[in-house]
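S.K.: In order, the protein sequence lines correspond to chains A and B. With the numbering used here applied, the first sequence corresponds to residues 1 to 114, in that order. With the numbering used here applied, the second sequence corresponds to residues 1001 to 1115, in that order.
Some hints could be false.
To be verified - A few chain A residues facing chain B, derived, Cβ under 10 Å:
no.	residue
1	Lys2
2	Gln6
3	Pro8
4	Leu11
5	Met34
6	Tyr36
7	Arg41
8	Pro44
9	Phe104
10	Gly107
11	Leu110
12	Lys113
13	Pro114
As the list claims (entries may be wrong) - Residues of chain B clear of chain A, computed beta-carbon distances all greater than 10 Å:
no.	residue
14	Ser1002
15	Thr1015
16	Arg1022
17	Asn1077
Hints were generated in silico from the structure; no laboratory data involved. Computed from a predicted model, the values in this text were never measured in an experiment. Backbone N, C-alpha and C define an ideal beta-carbon position, used for all residues, glycine too.
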Amino acid sequence: QKEVEQDPGPLSVPEGAIVSLNCTYSNSAFQYFMWYRQYSRKGPELLMYTYSSGNKEDGRFTAQVDKSSKYISLFIRDSQPSDSATYLCAMSEGPDNQGGKLIFGQGTELSVKP
Amino acid sequence: DSGVTQTPKHLITATGQRVTLRCSPRSGDLSVYWYQQSLDQGLQFLIQYYNGEERAKGNILERFSAQQFPDLHSELNLSSLELGDSALYFCASSLNRGKNTGELFFGEGSRLTVL
């Protein structure tokens, strides 16, 4: 079993839909949770960053972390064709453990159709 | 543009050969990370350097080595290449004054094809 599990999709939605992306994990030492977005033939870019449990909102994006269930989510409201990309969840134990080593999910490929 | 520069962008070579991938971090960033991305394994952490010193190691093969130079650029050396080494190799950087928590800036990657 992988430390971080993420449904690879692909996921196809119409423009304007609400998108829900999820990851589960097994390592209870993870404290920092991130979502990266990767466009085709590009490097991942940080989208959202959350410490411990709770919600964080940034424009149309909301990240949720539930440490008790070892489950994180990313919601995209009013999805746009420009949101079409692969979304990777990533987790870290924190700076005191192996620096900033991140464990990534497999990535979910999202396509938003006009 | 993340500010992280990787060269070469594409590389095709034969089994048994050796290649060197180069990375220049963002200006001011002290940490450099190397990741390997393949279809079956996803993004896998290889190794991290902080200000010239090795800081953390992942599942990096013994045939692979890396270093960070005084000007903070880094090189990843891959030797005795096998078909399975074909992948995208990403470099990332962060400021990391000992408190990095995973906010990395990735380059565009070097695509290695081993024939």
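S.K.: All hints, please: hold or fail.
M.R.: Hint-by-hint comparison with the structure:
no., hint, in the structure
1, Lys2, "holds, 9 Å"
2, Gln6, "holds, 9 Å"
3, Pro8, "holds, 9 Å"
4, Leu11, "violated, 17 Å"
5, Met34, "holds, 5 Å"
6, Tyr36, "holds, 8 Å"
7, Arg41, "holds, 8 Å"
8, Pro44, "holds, 5 Å"
9, Phe104, "holds, 4 Å"
10, Gly107, "holds, 6 Å"
11, Leu110, "violated, 16 Å"
12, Lys113, "violated, 24 Å"
13, Pro114, "violated, 27 Å"
14, Ser1002, "violated, 6 Å"
15, Thr1015, "holds, 25 Å"
16, Arg1022, "holds, 15 Å"
17, Asn1077, "holds, 20 Å"
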